[in-house]
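**Q** This is what each chain is made of:
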Amino acid sequence: MSEASAVSNASPKPESSAGPKSEPVLRADQRTKSAEKSGKRSWSMRPRLIDPARRDAVVAGRPAVLVVDNVSVSFDGFKAITDLTLILERGELRCLIGPNGAGKTTLMDIITGKTKPDSGAVYMPHDSRDLTQLTEYEIAALGICRKFQRPTVFAGHTVYENMELALSGPKGVWNSLFFRLSAEQKRSIEQVLEQVGLHEHAAVRAGQLAHGQKQWLEIGMLLAQDPRVLLVDEPIAGMTHQETERTAELLKSLAGERTVVVVEHDMDFVRSIAQRVTVLHEGKVLAEGDIDSVQNNPRVVEVYLGEPRT
Amino acid sequence: MKAEPAVGLSALHDKRGWLALGVLTLLSCVLVPVLNLAVPASSPIHVPDYLVALFGKFLCYGIVALAIDLIWGFTGILSLGHGVFFALGGYAMGMYLMLSIGAQGVYKSALPDFMVFLDWKELPWFWRGFDNLSVALIAALLVPGLLAFAFGYFAFRSRIRGVYFSLITQALTFALMLLFFRNETGFGGNNGLTDFKSLYGYDLHEPSTKVVLYLLSALGLLFTYLLCRYIVTSKAGRVLRAIRDAESRAMFVGFNPISYKLFAWTLSAVLCGLAGALYVPQVGIINPGEMLPANSIEMAIWVAVGGRGTLFGAIGGAFLVNGMRSFFTAAMPNAWLYLLGSLFIGVTLFFRDGVAGAVGRIKRKS
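Going line by line, the protein sequences match chains A and B. Every letter in the first sequence is one number past the one before it in the working numbering, and letter 262, counting from 1, is 262. All you need for the working numbering is the position in the second sequence, starting with 1, plus 310.
It cannot be assumed that every hint is accurate.
Short, incomplete list of chain B residues facing chain A, as computed with Cβ under 8 Å [as the list claims (entries may be wrong)]:
| hint | residue |
| --- | --- |
| 1 | Thr543 |
| 2 | Ala546 |
| 3 | Ala556 |
Hints listed in this document are in silico derivations from the structure and should not be mistaken for laboratory results. Glycine included, C-beta positions come from ideal geometry on N, C-alpha and C.
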């Protein structure tokens, strides 16, 4: 047995003892309590809080920052993700790879609240809320931020205004009406712009930036949200070689302080940045481990990589 | 290059902008009243009473145009039902004016004439308190606001957008129009409320009262403009535009689009209510015809012609289209609707950003 498959077998242990699907995630007494508490969205009958015992069992002492616990989702009978468990550790840079339709983007959608799973839960180790029960903006406020495949910046706003909007802090209407940037916030915007190399373009409309610059601006906007977890979907699509190198540098510099998850097809790029790699296939974790062990895993080679290069 | 957003008064306008605004305010608030009241009627520069009333109406339309620009131009939500909020504001004011007629009506009764005609013995409960001007004014703002809030809450929460939203706003104004057409609803049926005599003790037919109403409308427009300008130059305005341009991105940045849309939408309705309340004493009548779906569409045309997302353009559009309407409905009444239609088609085809946008482009080229 290779090292990669050993790792992938190790993490989902608790679920085999816990029984089928997500039911044991929550104790019965908690469910009634949470249902009483939740005034809004009463149509949702799914449990809202995580059973701490279950959580501790899944995390198993690892320095986890985000846990995807036994999640399944299907669209019109097509099983996009099946019983998938993924534990992200603090400060790591994780690459998600896999063939088309493996469920990479769906997984991102589930974590960020865009798609609601049929079963399973997503949670952070120090928070008892089930993220799958929260809205997109509530999840964003928890510090889980996402960069989309296509760069989506606010094209009509300047680079600086984009950063201002992304900045962490209260996001209510009343707050925005009387909002003024503090000196500290100005400094942090400038610092991030420096980091992503856009400080000279602060007054430019974001729509006028080059493709690569838009990608960096979007990463900068994520940084301004001061995220704990950064989900980055195909960051180098359509980038020149130089831009790719800069992006690799940028992503590497972000990990450590934050947890970064990168979905990418380009294996060269993955090799240049990854610490750990998770291979998805048909909605399941096929292998997990460092880049070499994953590349030499015969199952991975078979379904995804093809013959290893010599 | 300075990239940080400006703050304080300089965020609203630069020096030239403030100067232009001041000159326009002075012109409309001083020149028109003086030329009307102080200059003798024989003089060629005398502004006749009917023009004062007409300008007063236009100023109210200007407020409506600003309200629509806020929700359409800046938030990207096209309402084709703002006439209903305007009319509700008008009805609230009309109820006060109706009750202040007192026993001077045709039937010499303390009840409004139409109620006597319908053989009602006492004032319905929802008319109580409307003999007080401040109650009427608060209702003129609150009723459209509450209706908009309830309507918007369910529509935005269900993520109804674009043309679907526009269509249900048409349905809203049409439904309320049918309701108000009924005598039993208690607002005078298809005749509406009219025959007003006085406002707060001042005779509505006196030229001086008309000038005061005109001035109040001008101040109302100025206030609305400054309020909208403040909102769109604040961070909230940038969030509204962000939601307009990329709603899902705005959501992932942490903004709740529903509350922002609801804010702009409700405020827009409240401003329309204000416009309606200022409008009714000047024209002397409010009836369900104001809620015709076509009226609301025309309001959107003002903003489209003037230029969306510019505020100043929206006011200009309201003045321009209504000025043309006044002229053409007198000069060639049959041609007006064709003209309005071709104006709208022409603007959407050739000047997508309206007159204000076209002017801006010419300025930048020179």
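**Q** Hints numbered earlier in the text: which of these fail when held up against the supplied structure?
**A** Of the numbered hints, just 1 does not hold.
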